[in-house]
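Student: Sequence:
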Amino acid sequence: MPDTAARFDRAYYDRFYRNPDTRAASEYDAEIEAQFVAAYLRHLDVEVERIVDIGCGLGRMLKALAGLFPCTVVHGVDASDYVCRTYGWEQAALPDFAPARPFDLVVCQDVLAYLDDSEAAAAIVALGRIARKALYFGALAEEDLALCNPARTDTDVYLRPASWYRRRLGRRFEPVGGGLWLKKPVDAVIWTLDRRT
Numbered sequence: 001m002p003d004t005a006a007r008f009d010r011a012y013y014d015r016f017y018r019n020p021d022t023r024a025a026s027e028y029d030a031e032i033e034a035q036f037v038a039a040y041l042r043h044l045d046v047e048v049e050r051i052v053d054i055g056c057g058l059g060r061m062l063k064a065l066a067g068l069f070p071c072t073v074v075h076g077v078d079a080s081d082y083v084c085r086t087y088g089w090e091q092a093a094l095p096d097f098a099p100a101r102p103f104d105l106v107v108c109q110d111v112l113a114y115l116d117d118s119e120a121a122a123a124i125v126a127l128g129r130i131a132r133k134a135l136y137f138g139a140l141a142e143e144d145l146a147l148c149n150p151a152r153t154d155t156d157v158y159l160r161p162a163s164w165y166r167r168r169l170g171r172r173f174e175p176v177g178g179g180l181w182l183k184k185p186v187d188a189v190i191w192t193l194d195r196r197t
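In terms of the working numbering, the sequence shown opens at residue 1 and continues consecutively.
Everything labelled a hint here was simulated from the structure, so no lab data went into it.
Glycine included, every Cβ here is placed at the ideal spot set by N, Cα and C.
Warning: the hint list may mix true and false statements.
Stated by the list, open to error - DEER-style ranges, computed between Cβ atoms:
id	residue 1	residue 2	range
1	Arg132	Glu90	12 to 20 Å
2	Ser118	Pro20	18 to 26 Å
3	Ala11	Pro102	32 to 40 Å
4	Pro102	Arg152	32 to 40 Å
5	Ile190	Glu142	37 to 45 Å
6	Pro102	Thr22	30 to 38 Å
7	Val125	His75	36 to 44 Å
The whole structure should be built from the sequences, with the hints applied where relevant.
Tutor: Here it is as structure tokens:
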């Protein structure tokens with residue numbers, strides 16, 4: 001796979017995020033996702049004061065979450081030279097990102113599929129250190145490939161079964177559905193039918 005600086009350049013973001021004919025998701029999609037995450041965390045009485053988006057790209061999700069949690073500290077992190085220079089994010093990659101304090105909510109979407117098995121496993125351990133209360137996580141799994149539009153999906157990634165992610169994430173987090181995981185030990189009431197295990 002190409003190195004991060006070469007791969008996640010302006011052309012990558014133009015294709016998968018800016019061009020309406022080829023983008024995987026729009027700004028509106030990020031707003032809807034953020035509304036879901038915020039509503040679900042409020043429903044579970046999980047207070048959020050610090051948010052980090054690791055692999056934040058253009059920062060759409062981070063911007064939407066900042067609007068929904070107006071008194072919250074938000075921090076963007078990405079491995080791409082291009083987006084860090086353009087948007088002012090902290091340049092770092094998992095599993096090397098090591099903040100001084102954990103964040104109440106960690107967003108990590110479409111990052112781990114770009115890492116080999118060893119790096120991805122170490123990144124999940126890092127997510128367990130970085131997250132204090134909740135993780136909003138997504139990765140293209142092997143089973144998802146048939147659902148994707150190849151013109152709008154970067155398939156040059158490490159495809160793993162969903163069980164690979166669930167097993168490793170489950171050591172540190174409790175899945176509660178919709179891509180949301182709560183840090184163990186969970187300090188929220190989660191009804192049995194809402195648990196993903």
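Student: If a hint holds in the structure, say so; if it does not, say that too.
Tutor: We went through each hint and held it up to the structure:
{"no.": "1", "hint": "Arg132 / Glu90: 12 to 20 Å", "verdict": "18 Å, holds"}
{"no.": "2", "hint": "Ser118 / Pro20: 18 to 26 Å", "verdict": "37 Å, violated"}
{"no.": "3", "hint": "Ala11 / Pro102: 32 to 40 Å", "verdict": "35 Å, holds"}
{"no.": "4", "hint": "Pro102 / Arg152: 32 to 40 Å", "verdict": "34 Å, holds"}
{"no.": "5", "hint": "Ile190 / Glu142: 37 to 45 Å", "verdict": "27 Å, violated"}
{"no.": "6", "hint": "Pro102 / Thr22: 30 to 38 Å", "verdict": "36 Å, holds"}
{"no.": "7", "hint": "Val125 / His75: 36 to 44 Å", "verdict": "20 Å, violated"}
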